[in-house]
Amino acid sequence: MSVTGRKFLTSINWPVVSSVLSKHTEITGSLAAFRKGYEEAERQLTQLKEADRAIDFDHYRRILKNNDIVDKLEKVALAQKIVKVDLADQLKTISVFEAKAIASAELYVKETAANLADLNETVANIETARPVTQLTVEDVVKAKPDVVQYTEEMVKQGKFTVDGYDERFPSLSL
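Per our numbering: the sequence shown = residues 10 to 183.
Rather than coming from a laboratory, the hints here were simulated on the basis of the structure.
Note that the structure is predicted; figures quoted are calculated from it, not measured.
Please note: incorrect hints may appear among the correct ones.
What the hints assert, rightly or not - Label pairs and their calculated CB-CB ranges:
| id | residue 1 | residue 2 | range |
| --- | --- | --- | --- |
| 1 | VAL105 | ASP67 | 47 to 53 Å |
| 2 | ASN134 | PHE178 | 21 to 27 Å |
| 3 | VAL94 | ALA63 | 19 to 25 Å |
| 4 | ARG44 | ASP148 | 54 to 60 Å |
| 5 | ASN124 | ALA60 | 34 to 40 Å |
| 6 | ALA122 | SER31 | 15 to 21 Å |
| 7 | ARG52 | ASN134 | 53 to 59 Å |
| 8 | VAL132 | ALA152 | 17 to 23 Å |
| 9 | SER28 | ASP127 | 21 to 27 Å |
| 10 | ASN124 | GLN56 | 45 to 51 Å |
| 11 | LEU54 | ASN134 | 55 to 61 Å |
| 12 | VAL156 | VAL132 | 51 to 57 Å |
Said to hold, decoys possible - The calculated lysine-lysine pairs, modelled on DSSO-like cross-linking and capped at a C-alpha distance of 30 Å, are:
| id | residue 1 | residue 2 |
| --- | --- | --- |
| 13 | LYS168 | LYS153 |
| 14 | LYS119 | LYS101 |
| 15 | LYS101 | LYS84 |
| 16 | LYS45 | LYS101 |
| 17 | LYS58 | LYS81 |
| 18 | LYS45 | LYS109 |
| 19 | LYS74 | LYS58 |
| 20 | LYS93 | LYS119 |
| 21 | LYS101 | LYS58 |
| 22 | LYS74 | LYS84 |
Note that CB positions come from ideal geometry on N, CA and C, so glycine has one too.
Please model the entire structure based on the sequences and the hints provided.
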């Protein structure tokens, strides 16, 4: 990975990202799996870089009686070349993951924008609403026409209290 990529990945505040995306378990799980895979690959790379790769063939010549085998092994070891691995499949996998992450993020942005618009509309309604003390019966009937029918039914049945009212609003009279 490039130096810029490493700096970027180490600069991410993972707990904050996880907490912000906590409602989106698919995104959080994918990011956690990506982070775990990256850290494991980084750890293995560090171990391989620090590993001693030199073989002391003279030591084996002194120990073993058959030096021809040691010579053959030395030739084979010296003939080994570092092979470049084709990373196209891994890059495709990363691209697919990136595309899914971007799509999920865009969906999250749309949902958040819609929620924000609803909240702004609610705030505007609250700010422009008349106080309850200024409401008239006509205003209530206009807003909820079924209130008249419900009230008429209660009067016909001889009910003059609303169920649950006393439990919710206890009487303060002595």
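Consistency of beta-carbon spacing, ASP67 to VAL105, with hint 47 to 53 Å: holds (51 Å)
Is the hinted range of 45 to 51 Å satisfied by the C-beta distance from ASN124 to GLN56? 47 Å Cβ-Cβ, so the 45 to 51 Å window holds.
Whether the CB-CB distance between LEU54 and ASN134 falls inside 55 to 61 Å: Distance hint for LEU54, ASN134 holds at roughly 57 Å.
Would the pair LYS101 and LYS58 pass a check requiring their Cα atoms to be no farther apart than 30 Å? Roughly 26 Å separates the two Cα atoms, so the pair holds.
Range agreement (Cβ of ASP127 with Cβ of SER28, hint 21 to 27 Å): holds (23 Å)
Look at the Cβ atoms of VAL156 and VAL132 and judge whether their distance stays inside 51 to 57 Å. violated (26 Å)
Satisfaction of hint between LYS109 and LYS45, Cα-Cα up to 30 Å: holds (18 Å)
Has the given pair, LYS58 with LYS81, been kept, meaning a C-alpha gap of at most 30 Å? holds (26 Å)
Holds or violated: LYS101 with LYS84, Cα cutoff 30 Å? violated (38 Å)
Within 30 Å, alpha carbon to alpha carbon, are LYS74 and LYS84? holds (18 Å)
Would the hint linking LYS45 and LYS101 be met if the CA-CA limit is 30 Å? Answer holds: LYS45 to LYS101 is near 19 Å, not above 30 Å.
Beta-carbon spacing of VAL94 to ALA63 - inside the hinted bounds 19 to 25 Å or not: holds (23 Å)
Hints 5, 12, 15, 19, 20 from the earlier list are contradicted by this structure; the remaining hints agree with it.
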